[in-house]
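Residues per chain are reported as follows:
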Amino acid sequence: MLSLTSLSKKFPGQIKPAVENITFKVKQGEAAVLLGENGAGKTTLLRIISTMLKPDSGTCNIMGYDSQKESGKVRENIGMLLGGETGLYDRLTARENIEYFADLHGIPRSMQKKNIAELAFLLGMEDYLDKRCGTFSRGMKQKTSFARSLIHNPPVILLDEPTTGLDVSSSKTVRDFIRSCRDDGRTILFSSHNIDEVKKLADRIIIIHSGIIQENSTLEELIRKFGKDLESAFLKITGAPAENGLSENISPRNNK
Amino acid sequence: MNKPAVLRIAFKELKDISRDRRSLFISLVFPLILFPLIFGAFESSLLSSKKEGEKNIRIALNFTEKNPLADFLLLQEKITLIQTSTPVYSLSKKEADTAVVIPSAADGKNSIIEITADNSRQKSVSAAAFAEELIAAYLNMDKSGTKNITPAEQTQRDLTESINSETAFLIKRNTLFPPEVGNSMLTLSLILPLLLMTFTSVSTTAVAADLGAGEKERQTLEPLLANPASRIQILAGKFLAVTLMGIAGVISFTAGFIIAYRINPDFFGTGEFVFTITGLPLALLCIQALLLSMIFGSAELALSIFARSVKEAQIMFIPLLMASMACGYSVTMISPQSSAAALFRHIPLVNIAFLVKELALDTASDAAIIITFIWSIIYIAIFLAASIAYFSSEKVILRS
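Quick note, the sequences are listed as chains X and Z, same order.
Residue 13 in the numbering used here sits at position 13 of the first sequence, and the numbers go up by one each step.
Residue 136 in the numbering used here sits at position 136 of the second sequence, and the numbers go up by one each step.
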């Protein structure tokens, strides 16, 4: 289980907090999404939850452990996958990358072998498990990162834009995998700005804008409250211009 | 590609570089001030060493009772006479700069005055030559004289007559070590500090940039930090890796050096070369090399963690490499016996190069070894503390 209470963080030199007074819970077996535009505070929030950053105020609790006081225990219980660029050691093989992180989690070698075989099968990466990552496509890298993040079988999974830049089939594999993790009873929090992905994966949608949570509810509730679909609900909540609603300042009419 | 395009690209690159203040400082300003600073600092010490060398030549002489040659030598400026029954032993213990053994009267005519130099020390070789000149002048002194002579000259004349009236003396020059050993020691004392400083700093550079900045650049740092391993553990692992690579690099450099010598024995230009460092000095030298690897490893690790990219880390290493080479070179100009030696024991890196030189000559005192080792450990602690501080700083970690 994952629980955040009044969490705030402001970076030095910034006028506004990166995240402010964030409070929400994600239950066991639930997949929640942090939906927001670029710079909304999604990654900062995930970094705080993963103990990489310290909040200025508030608390974060994972599986009963406080992220500030028991950061080591928190890290034992999370699997984190960062999107954008997938961080792998190019000169190591996929297996070696995964084994390295398994070693850091203190998993015995015999169990590592079994877990790697299972993950490789589920993610369809058996063909390149013993090849060096430097030659991998983006999808292969993302799957390897996934396996690396989950090698210790964590009860809480944090994913930062897990399908960004992936082709259709890789995206589907990753989405299916996330769904199977949720069905296994794991707690999943992922960030995204992909409406389609959110609709397919999320049980709970947390809309974040300028570091502040604007809404925290299910897809059905959001549509009921704000409009015909998630996209229009999101645009209404964040105040962003609609696709055909260009600001007057940048309207072609003003260029005449 | 046409020329204007090439020029445009070059212009853009130069403009880009000119806006990188750190690169500019390291590429242009640092070299500009490094050598004036070093030579400025060493000029005063060199002058003081030189003056000291001219002033004070310690001659061990085998006469313990009153002796005319001893009296003559005592009249000379720049001489400190050590009267002992075992002058060569005093020389070997570095208590004297040269040893003079005068035969007793019982040795009869055509006796030989033996002047011994410690041929592993430049000052001793000079001191022996100076002593030889003095004694030769003393033996060949004109006995006819003139009326207007000073009391000192009169004393010299009387002494000459007393020693030189019946016996014909020859002067023989000896060396403390066989020529090849002495030359080798001298060569080692000159090149070893420079080579060790250079090898160690370069060996660690190759891997250090990747350990911190490389993690940021390939975006593996965040997954790594999300693991149960603490930041101290991660740093310790990286520090161990860079230190081991540094040691491996030094061994590799040394092996290359030996191979080069085997291929061309005139490599050092000194004829036959003998590695003269053995036993305790060799063990101490290995410990110092290990500490040096740890110093460079920790320093470069700190810089690498601070840097936002491998390129930036490599730029930051340049001053460290230049300083280490300059320090290795600078000690070739310092005599371990100079009064400035005490000061150099406290100057970072210079003190280490200086100890290496002393170990090569087997002249390192216990105090020098302890002081330098303590400083080495302090440097490592400072750089590791900096690494920990950088690794704990969100601003530095997210600097990319």
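Treat the hints with caution; some may be incorrect.
[As the list claims (entries may be wrong)] Straight line, CA to CA, 25 angstroms or less: simulated PhoX-like cross-link-like pairs of lysine-lysine: (1) X/Lys16 with Z/Lys172; (2) X/Lys10 with Z/Lys172; (3) Z/Lys172 with X/Lys54; (4) X/Lys69 with Z/Lys395; (5) X/Lys27 with X/Lys16; (6) Z/Lys94 with Z/Lys172.
None of these hints come from the bench; they were simulated from the model.
**Hint numbers contradicted by this structure** = 1, 2, 3 and 5
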